[in-house]
Structures are given as C-alpha cells and as structure tokens.
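Based on the sequences and whatever the hints tell you, model everything.
2 protein chains.
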Amino acid sequence: MKANEMMDKDFIYVYPEDIIADVSVKMEKLRRFTTPVVDPDMKLVGWVTSLDVTRGLREGIKNVSGIMHHKEEIMSIHENAPSRLAVIETSKNKLISMPVINDNDEVIGVIRSFDIVDTLSSLYDVKIYKLYEAMQKELKGVTWEELMEASAIITRRTTGERIKPEDYERNIRNATFGEAIWATGGLEKFFVGLIAVGELVIAIKIGKARK
Amino acid sequence: MKANEMMDKDFIYVYPEDIIADVSVKMEKLRRFTTPVVDPDMKLVGWVTSLDVTRGLREGIKNVSGIMHHKEEIMSIHENAPSRLAVIETSKNKLISMPVINDNDEVIGVIRSFDIVDTLSSLYDVKIYKLYEAMQKELKGVTWEELMEASAIITRRTTGERIKPEDYERNIRNATFGEAIWATGGLEKFFVGLIAVGELVIAIKIGKARK
Numbered sequence: 000m001k002a003n004e005m006m007d008k009d010f011i012y013v014y015p016e017d018i019i020a021d022v023s024v025k026m027e028k029l030r031r032f033t034t035p036v037v038d039p040d041m042k043l044v045g046w047v048t049s050l051d052v053t054r055g056l057r058e059g060i061k062n063v064s065g066i067m068h069h070k071e072e073i074m075s076i077h078e079n080a081p082s083r084l085a086v087i088e089t090s091k092n093k094l095i096s097m098p099v100i101n102d103n104d105e106v107i108g109v110i111r112s113f114d115i116v117d118t119l120s121s122l123y124d125v126k127i128y129k130l131y132e133a134m135q136k137e138l139k140g141v142t143w144e145e146l147m148e149a150s151a152i153i154t155r156r157t158t159g160e161r162i163k164p165e166d167y168e169r170n171i172r173n174a175t176f177g178e179a180i181w182a183t184g185g186l187e188k189f190f191v192g193l194i195a196v197g198e199l200v201i202a203i204k205i206g207k208a209r210k
Numbered sequence: 000m001k002a003n004e005m006m007d008k009d010f011i012y013v014y015p016e017d018i019i020a021d022v023s024v025k026m027e028k029l030r031r032f033t034t035p036v037v038d039p040d041m042k043l044v045g046w047v048t049s050l051d052v053t054r055g056l057r058e059g060i061k062n063v064s065g066i067m068h069h070k071e072e073i074m075s076i077h078e079n080a081p082s083r084l085a086v087i088e089t090s091k092n093k094l095i096s097m098p099v100i101n102d103n104d105e106v107i108g109v110i111r112s113f114d115i116v117d118t119l120s121s122l123y124d125v126k127i128y129k130l131y132e133a134m135q136k137e138l139k140g141v142t143w144e145e146l147m148e149a150s151a152i153i154t155r156r157t158t159g160e161r162i163k164p165e166d167y168e169r170n171i172r173n174a175t176f177g178e179a180i181w182a183t184g185g186l187e188k189f190f191v192g193l194i195a196v197g198e199l200v201i202a203i204k205i206g207k208a209r210k
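These protein sequence lines are chains A and B, in that order. Counting with numbering that gives the first Met the number 0, you get residues 0 to 210 for the letters of the first sequence. Counting with numbering that gives the first Met the number 0, you get residues 0 to 210 for the letters of the second sequence.
These are computed hints drawn from the structure, not numbers from a lab. A portion of the hints provided could be inaccurate.
[What the hints assert, rightly or not] Straight-line Cα separation of at most 20 Å, SDA-like style, residue types lysine to any residue; simulated pairs: (1) B:K126 with A:P81; (2) A:K136 with B:K61; (3) A:K139 with B:K61; (4) B:K126 with A:K8; (5) B:K93 with A:R30; (6) B:K28 with A:R54; (7) B:K61 with A:G59; (8) B:K126 with A:G185; (9) B:K28 with A:T158; (10) A:K136 with B:E187; (11) A:K126 with B:K61; (12) A:K61 with A:S75; (13) B:K126 with A:L186; (14) A:K163 with A:G185; (15) A:K129 with B:K126.
[As the list claims (entries may be wrong)] Covered stretches of chain B (chain A as the covering partner; in silico rule of three or more C-beta atoms under 8 Å from a C-beta of chain A): (16) 18 to 27; (17) 62 to 72; (18) 78 to 87; (19) 108 to 120; (20) 141 to 147; (21) 160 to 169; (22) 199 to 205.
Even for Gly, the Cβ is constructed at its ideal location relative to N, Cα and C.
In structure tokens:
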C-alpha cells in the first residue's frame, strides 16, 4: 500500500500570509488539527498545528508565517512511498498527521493518525472463520468437520480446555484475527496453533489416502 | 489487551472553571491536543480539544465550561474494556483521543490515536523469519533447508517467479509481516501460502518417516 492510498484528499491548506484567526475558523469548521502551509504553486513551505494556532491567538501574532514550522523541521512522505513509513513515523514521533507530497514537492494530501488506525484495524477485523475457509480450500480433501475436530484436539492439547468441535466452530464464527492474537499471546503463538492444526489434518488426509 | 494497557498515563486534565488561556499554555507545553475536564474527585465531566480552545480564545470566552463538550456527548472507555473497542471508535469517529475511566467514573488515562498506531504497528513489525522459526519448531523433524525449499517451490507455483531457496531465505530475513500481507494481497492469501508450504513439508516429512 502506498502513502497516497491512505491519505485524506479533502485536506485544508493555508498560505504564510493568511490571518491566524481566519485559519482557526477554517480548522474548527472542517475539524482539522493540522494544516500544511503552501506557496501559490501548492508547494509545501511549512506546517501548522492547532497548538501553534492557540499560541498565535494568545500572543496576538497576526500571520501564519509567525507560527508555522518550516518545511525542514517537519516530516513529509512521498505519495509513492510505502504507507508503512508513515505508520513508523507516526508511532515514533507521536504525530497527529503528515503531508503527502508528489515529485514536484506539491502537497496532494495529508495522512492522519486515525486514517492509519482505520487501515491497520481492518486487518484485525478479518474473521478467523475466513482464515479457516482459506485453509480448507487450500488443503484439498480435508472436510470442514475434520478441520474443527483437529482444532478442538489442538486446543485441548495446548490449553487443557475441554472444548468440542462445535464449540470451536462457534468461537471462530465470532472471533476476529485481532482477538485471536491477543487471546493466544501474539502472532507467533497464534500461528503455531494453526500450523499444529494443519499438521494434524494433513496427517489424517494422508492416512486416508493410503487406506 | 485492555484499554488501560494502551493509554497515556501522563495525561493532562483541567477543571470547568479553569481560564482558557492558561489551559492553552498547558496543552501547548505538554503537546496535548485534547484534555479531559474533571471535577475535584477526578470524575469525568467533559472534554476539550485544541479546536475548542482556538474558538474560545478567538471569541473571548473565559472559562473551560464555556467551550467543553459535556460528558454525555463524548466517547469514553472503561479501563478493563478490550482495547480494540478504542480502535473501532477511533477509526469510526476519527478521534484524536478518548478518556479512560475506572469503576468510579474517574479519569485514569487517555488513549491517543498514535498510541493505537504504535500498538497496532508492532504487530506489523514481526519478522516473517520469526514465524518460520515458530513453524519449524512446531513441525518437529522438518529442517530449515526443507522449509526454504518448500517455500521456494510454492512461490514458484503461485507467482511463476523463479526463486531459489537461498533467495527466499534472504527475503524473509528482511521482510516483516506487514510487508508480506501487503505483498501477497491480504491476510488470507498470505496465510494460504503458508499453509501450502506447511502441507508440502509435512508431506515430505511423512514420506521420510515411512521409508
């Protein structure tokens, strides 16, 4: 995924000579906590957050140029850069948002932290059920019942919990990937459990084929 | 993971009778774009964002009570609630942050969107290599070389790319889970690829055992 697939295209922008009070109205109206500062060609020249605006209003500073962070001091990301770079910077520097620029240094969007949350969380929302369906499709010749039976056996072996295949099926109908990795204690453990299930059903499948 | 494991404990808070100009200084100094409004017992009574503060400063409103959103209008999350609820609300309502409360309605922290990004992205940063190590450990009797050989075969079969086991190993040394799911086109596809690898090495393993 590229930066330009995760950005807000309805971003606001301001000019260095804009009046701070007007900028504050614009930001409030459109609920934007940050705004890029651009020149007449839309080239990035700076960055303003609502906390710069409160200082400007309080101290009676008139223009955006008096409160903005200059281009050199801020993070920006190229539209074709991998979006995970934006994720890393947001997380490391606790950013609210960052501008997305093209080859000409023009601002074409803004990536906001909640846009990132939106993208990342959609992964977490994948139903475990879907992963099992993909697994069954890949493991040709294994029935759904065999898969649930194997999962119940592995769960009993791992957790000691006396779970039946039908309980297991009900659990994965509702659970998401995010819940499962938190419940199992991390991606590696979740994954090891699935490999164990895979190993068991494949052993059953090969056993059947040799009969 | 619970809400209280993901929250900022160094949050700021203000009282309804606080002077807005003072609050703005506090928010700027500690770089907080939002703040809970509490009563003397730390009970949540409202919420203020830096965009409410800019309006207050511009319109000459004196106290926090004149700009705050009342408790009933805002999202909060119980400290023991699953943190994914905070993720869902942040993503759905494009929130910058939300207060975390305990059984007594006291504010004990704030979950910020970049804290969520931080937590979610740590999952993405798991090295694929680690998953393969976990896989090898689970599949007792399968060597690392067999695993790489099987992965190269499956990759060739799926993508047509003429990849050697040593190329595959080099790829997974550097790649993260996040890169892999974006490269393969989603969690299910990534997962199907791994199951295919698992099936192949298990078939090899069982074949060896029967010799």
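What are the numbers of the hints that this structure violates, sorted from low to high? The structure breaks hints 2, 3, 4, 9, 11, 12, 14, 15, 17, 20 and 21; every other hint is satisfied.
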